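Take the two lone chains, each set in its own frame, and fit them into one complex as the hints suggest.
Chains as they are written, first to last, in our numbering: chain G, 110 to 223; chain W, 7 to 118.
These aren't lab readings, by the way, just hints derived from the structure by calculation.
Treat the numbers as computed from the prediction; the structure is a model and nothing was measured.
Below, a list of computed lysine to aspartate or glutamate pairs in the DMTMM-like style, where the Cα atoms sit at most 20 Å apart: (1) K50/W to E154/G; (2) K218/G to D44/W; (3) K73/W to D24/W; (4) K47/W to E154/G; (5) K42/W to E88/W; (6) K50/W to D91/W; (7) K42/W to E154/G; (8) K215/G to D44/W; (9) K47/W to D191/G; (10) K73/W to D102/W; (11) K15/W to E154/G; (12) K77/W to E30/W.
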Amino acid sequence: DAKTTQPNSMESNEEEPVHLPCNHSTISGTDYIHWYRQLPSQGPEYVIHGLTSNVNNRMASLAIAEDRKSSTLILHRATLRDAAVYYCILRNAYSGAGSYQLTFGKGTKLSVIP
Amino acid sequence: DTAVSQTPKYLVTQMGNDKSIKCEQNLGHDTMYWYKQDSKKFLKIMFSYNNKELIINETVPNRFSPKSPDKAHLNLHINSLELGDSAVYFCASSQDLGYEQYFGPGTRLTVT
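Bound-form chain W, shown alone (with noise of 0.2 Å):
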């Protein structure tokens, strides 16, 4: 009965590839977000999506972008990936804007 789930939990991958984080939520919430924490362990807000539209987007690169499928779902794909893109991931979802945030367990990505 998980709230937040991602896939996968650790990524490997080579600069310059291509990939994907999915996140999934079955809390039957209308937004959900995508956060960055570094190595410094600061966390930081990416994107949030609500009723699939995108309302908050922070100066991340365009190389990031998020894709909605359907409410509860917001997948992360990343293009080009670069040696600073290594970080951990969290999604999380929230009833409506302002209401508290459930998050996943995270995705940690390593870029080599």
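The following block holds chain G by itself, in its conformation from the complex (with noise of 0.2 Å):
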């Protein structure tokens, strides 16, 4: 499976926007990017997903490099309620059933400063 490198941690200010990255070198062209969160003591929430185009929605915004290496999740505007621990997912389509479920990693803890 593709794996993928995040911060362990990271700080922004209240009302800041907050850029999120990701590494995923050894991507391949079929895997696609996923993001979750888990805020604190609830289960993990989708935010958003991309293939190769950059993707925005009502929660964030995923910013794909032109090799698709990396990846970066953009909250435009933190609010504390968005402090919680950010999963970068690869989930390639492709590969059989087994390729359809969700490998978490540590993520990177998000931390909100009022």
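Encoded structure:
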């Protein structure tokens, strides 16, 4: 399975943008990049996913490098509620039923300072 | 209007007992999952069910068995509980294989 590398922790001031990096240098052409987050004492929550092009939704933006070896999750304006562990996950869509599982790493713990 | 619900939220039991955790989703999804999050916060897939068929079965002990009475429910039965089974168990569902997953609030199991 392709692996991802994320910083263990990051800090951000409230109401400022946050850029959460993820390296995936061994990504294959059919690997989708997924982001989930887990707020304290809650289950993980889907944030966004993409394949090649940058993606935007109501929660965040996903910027994918041209060579796809890295990506950045962008929270445009951090709030206290965004304090969570953010997971960058690769999922291959064409490797059999087992490829649909999500393999969570350690993620990045984001702290938001009021 | 809870999407994925689990019961109980907390479960404390003794070694050797048999217990069940229930999961229900009201999203009309075809696929459901069980994950285990250990004390080090690593989250690992245990099972997934698609249209009532087990399609992923990770290397979990056969003391763990998923049971799906219908598409909206995937219960987790655990026999002969051990200390190492203490963890938070999350249920999740998705529209189909490969779609984004929606997680329940988790069940914290403590085995004494």
